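As given, the protein sequences belong to chains C and Z, one line each in that order.
Position 42, counted from 1, in the first sequence is what this note's numbering calls 42; the numbers after and before it change by one each time, with no gaps.
Position 42, counted from 1, in the second sequence is what this note's numbering calls 158; the numbers after and before it change by one each time, with no gaps.
No wet-lab data here; the hints were simulated from the structure.
Keep in mind it's a predicted model, so treat the numbers as computed, not measured.
Hints are supplied without guarantee of correctness; some may be wrong.
[Claimed, not checked] FRET-style restraints, in silico, Cβ to Cβ: (1) P40(C) x M199(Z): 20 to 26 angstroms; (2) R112(C) x T217(Z): 43 to 49 angstroms; (3) G16(C) x E182(Z): 34 to 40 angstroms; (4) T217(Z) x W10(C): 24 to 30 angstroms; (5) S200(Z) x R112(C): 31 to 37 angstroms.
[Claimed, not checked] When the alpha-carbon atoms are kept at most 20 angstroms apart in a straight line, the in silico SDA-like pairs for lysine to any residue are as follows: (6) K41(C) x H126(Z); (7) K41(C) x R138(Z); (8) K165(Z) x K41(C); (9) K41(C) x L123(Z); (10) K20(C) x S200(Z); (11) K66(C) x S200(Z); (12) K41(C) x S143(Z); (13) K41(C) x E180(Z); (14) K41(C) x A202(Z); (15) K41(C) x P156(Z); (16) K41(C) x E204(Z); (17) K41(C) x S125(Z); (18) K20(C) x H126(Z); (19) K41(C) x D201(Z); (20) K41(C) x K185(Z); (21) K165(Z) x K66(C); (22) K66(C) x S54(C); (23) K41(C) x K174(Z); (24) K41(C) x S186(Z); (25) K185(Z) x T121(Z); (26) K41(C) x Y155(Z); (27) K41(C) x S128(Z); (28) K165(Z) x S43(C); (29) K165(Z) x E180(Z); (30) K55(C) x Q158(Z); (31) K165(Z) x Q98(C).
The C-beta atom is built at its ideal place from N, Cα and C for all residues, glycine as well.
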Amino acid sequence: GAVVSQHPSWVICKSGTSVKIECRSLDFQATTMFWYRQFPKQSLMLMATSNEGSKATYEQGVEKDKFLINHASLTLSTLTVTSAHPEDSSFYICSARQGMSLRGYTFGSGTRLTVV
Amino acid sequence: AQSVTQLGSHVSVSEGALVLLRCNYSSSVPPYLFWYVQYPNQGLQLLLKYTSAATLVKGINGFEAEFKKSETSFHLTKPSAHMSDAAEYFCAVGGQFYFGTGTSLTVIP
Chain C
1 GAVVSQHPSW VICKSGTSVK IECRSLDFQA TTMFWYRQFP KQSLMLMATS NEGSKATYEQ
61 GVEKDKFLIN HASLTLSTLT VTSAHPEDSS FYICSARQGM SLRGYTFGSG TRLTVV
Chain Z
117 AQSVTQLGSH VSVSEGALVL LRCNYSSSVP PYLFWYVQYP NQGLQLLLKY TSAATLVKGI
177 NGFEAEFKKS ETSFHLTKPS AHMSDAAEYF CAVGGQFYFG TGTSLTVIP
């Protein structure tokens with residue numbers, strides 16, 4: 001089956017630094033990838049939709065300059081949290097869609113970001 | 117616009133009892149609907165999905181859900197709860213996956 005690898009699983013960084021999270025589709029080409037943020041005990045909030053080779057589409061209220069998304073290939077999307085602050089601490093999850101089928105969504109295992 | 121509403125943020129059942137987790141959707145087009153399970157500090161695992169075929173969808177781990185257009189519902193059920201079913205459950209509507217607020221399931225021994 002389709003597998004999405006997300007790395008790292010855990011990351012701790014200092015305030016003011018930047019952190020990059022990778023999302024890879026291991027055995028399929030992902031034309032579209034999605035990035036979500038999840039606060040403790042809460043649901044997943046869609047942050048942005050990333051299409052290979054084009055600019056990401058951000059949801060309302062998500063800072064584009066804060067959360068940089070790059071989808072340079074059909075198997076890799078990255079989320080960079082720039083100038084991280086403690087309030088950016090959260091659980092970030094990516095998902096990838098295989099082709100245009102709405103049936104083919106696969107989620108990564110998530111990244112726990114802690115900013116100290 | 118598409119959205120889902122999960123009624124009940126916490127559900128407790130006894131081991132062996134019926135599990136019922138509620139999800140109602142709103143969609144201007146025929147929806148694709150999904151149920152996911154999330155264990156602590158992990159990603160999401162797909163339980164089942166409705167993609168306009170059979171209205172009764174069977175998923176993994178004994179879960180199933182029935183799509184009822186007249187009620188705009190897609191409730192998740194399992195006849196007999198196991199301790200291992202304790203987790204967070206999310207209903208979602210596709211294409212961009214708008215998630216419900218989640219239901220935390222506790223199984224009482």
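Here is what the structure says about each hint:
1. At roughly 23 angstroms, the beta-carbon separation of P40(C) and M199(Z) lies within the given 20 to 26 angstroms, and the hint holds.
2. About 20 angstroms separates the C-beta atoms of R112(C) and T217(Z), a value inconsistent with the hinted range of 43 to 49 angstroms.
3. A beta carbon spacing of about 51 angstroms between G16(C) and E182(Z) contradicts the range 34 to 40 angstroms that was offered as a hint.
4. T217(Z) and W10(C) have their C-beta atoms about 25 angstroms apart, which keeps the hinted 24 to 30 angstroms range intact.
5. Remark: the range hint 31 to 37 angstroms for S200(Z) to R112(C) is contradicted by a beta-carbon distance near 23 angstroms.
6. For the hint pairing K41(C) with H126(Z), the CA-to-CA distance comes to about 11 angstroms; that is within 20 angstroms, so the pair holds.
7. Our distance criterion of 20 angstroms between C-alpha atoms is met by K41(C) and R138(Z), whose separation comes to about 18 angstroms.
8. A C-alpha spacing of about 23 angstroms is found between K165(Z) and K41(C), which places the hinted pair above 20 angstroms, so the restraint is violated.
9. The straight-line distance between the Cα atoms of K41(C) and L123(Z) is roughly 15 angstroms, inside the 20 angstroms bound, and the hint therefore holds.
10. A distance of roughly 33 angstroms separates the Cα atoms of K20(C) and S200(Z); the hinted pair therefore is violated under the 20 angstroms criterion.
11. A C-alpha spacing of about 38 angstroms is found between K66(C) and S200(Z), which places the hinted pair above 20 angstroms, so the restraint is violated.
12. Restraint check for K41(C) and S143(Z): the C-alpha separation of about 26 angstroms exceeds 20 angstroms, so the hint is violated.
13. The suggested pairing of K41(C) with E180(Z) is violated, with an alpha-carbon distance near 24 angstroms, which exceeds 20 angstroms.
14. Restraint check: the Cα-Cα separation between K41(C) and A202(Z) comes to about 14 angstroms, which is no more than 20 angstroms; the hinted pair holds.
15. For the hint pairing K41(C) with P156(Z), the CA-to-CA distance comes to about 10 angstroms; that is within 20 angstroms, so the pair holds.
16. Between K41(C) and E204(Z) the CA atoms are separated by roughly 9 angstroms; this keeps the pair inside 20 angstroms, and the hint holds.
17. For the hint linking K41(C) to S125(Z), the alpha-carbon distance of about 10 angstroms falls within 20 angstroms, and the restraint holds.
18. For the proposed pair K20(C) and H126(Z), the alpha carbon gap of about 34 angstroms is over 20 angstroms, so the pair is violated.
19. With a C-alpha separation of about 17 angstroms, the suggested pairing of K41(C) with D201(Z) holds against the 20 angstroms cut-off.
20. Distance restraint check for K41(C) and K185(Z): the Cα-Cα separation of roughly 30 angstroms exceeds the 20 angstroms cut-off, and the hinted pair is therefore not satisfied.
21. Taking the CA atoms of K165(Z) and K66(C), the gap is about 33 angstroms. The hint is violated against a cut of 20 angstroms.
22. A threshold of 20 angstroms between alpha carbons decides the hint, and for K66(C) with S54(C) the separation of about 18 angstroms falls inside it, so the pair holds.
23. Restraint check for K41(C) and K174(Z): the C-alpha separation of about 27 angstroms exceeds 20 angstroms, so the hint is violated.
24. Annotation: proposed proximity of K41(C) to S186(Z) is violated, straight-line Cα distance about 31 angstroms (limit 20 angstroms).
25. With a C-alpha separation of about 15 angstroms, the suggested pair K185(Z) and T121(Z) falls inside the 20 angstroms cut-off, and the hint holds.
26. Between the alpha carbons of K41(C) and Y155(Z) the distance comes to roughly 12 angstroms, so the proposed pair stays at or under 20 angstroms and holds.
27. Of the supplied pair hints, the one linking K41(C) and S128(Z) holds, its CA atoms being roughly 16 angstroms apart against a limit of 20 angstroms.
28. Restraint check for K165(Z) and S43(C): the C-alpha separation of about 18 angstroms stays at or below 20 angstroms, so the hint holds.
29. Distance check on the hinted pair: K165(Z) and E180(Z) sit about 9 angstroms apart at the alpha-carbon level, within 20 angstroms; holds.
30. Our distance criterion of 20 angstroms between C-alpha atoms is broken by K55(C) and Q158(Z), whose separation comes to about 28 angstroms.
31. About 16 angstroms separates the Cα atoms of K165(Z) and Q98(C), which keeps this hinted pair within 20 angstroms; it holds.
The earlier numbered hints that this structure contradicts are 2, 3, 5, 8, 10, 11, 12, 13, 18, 20, 21, 23, 24 and 30.
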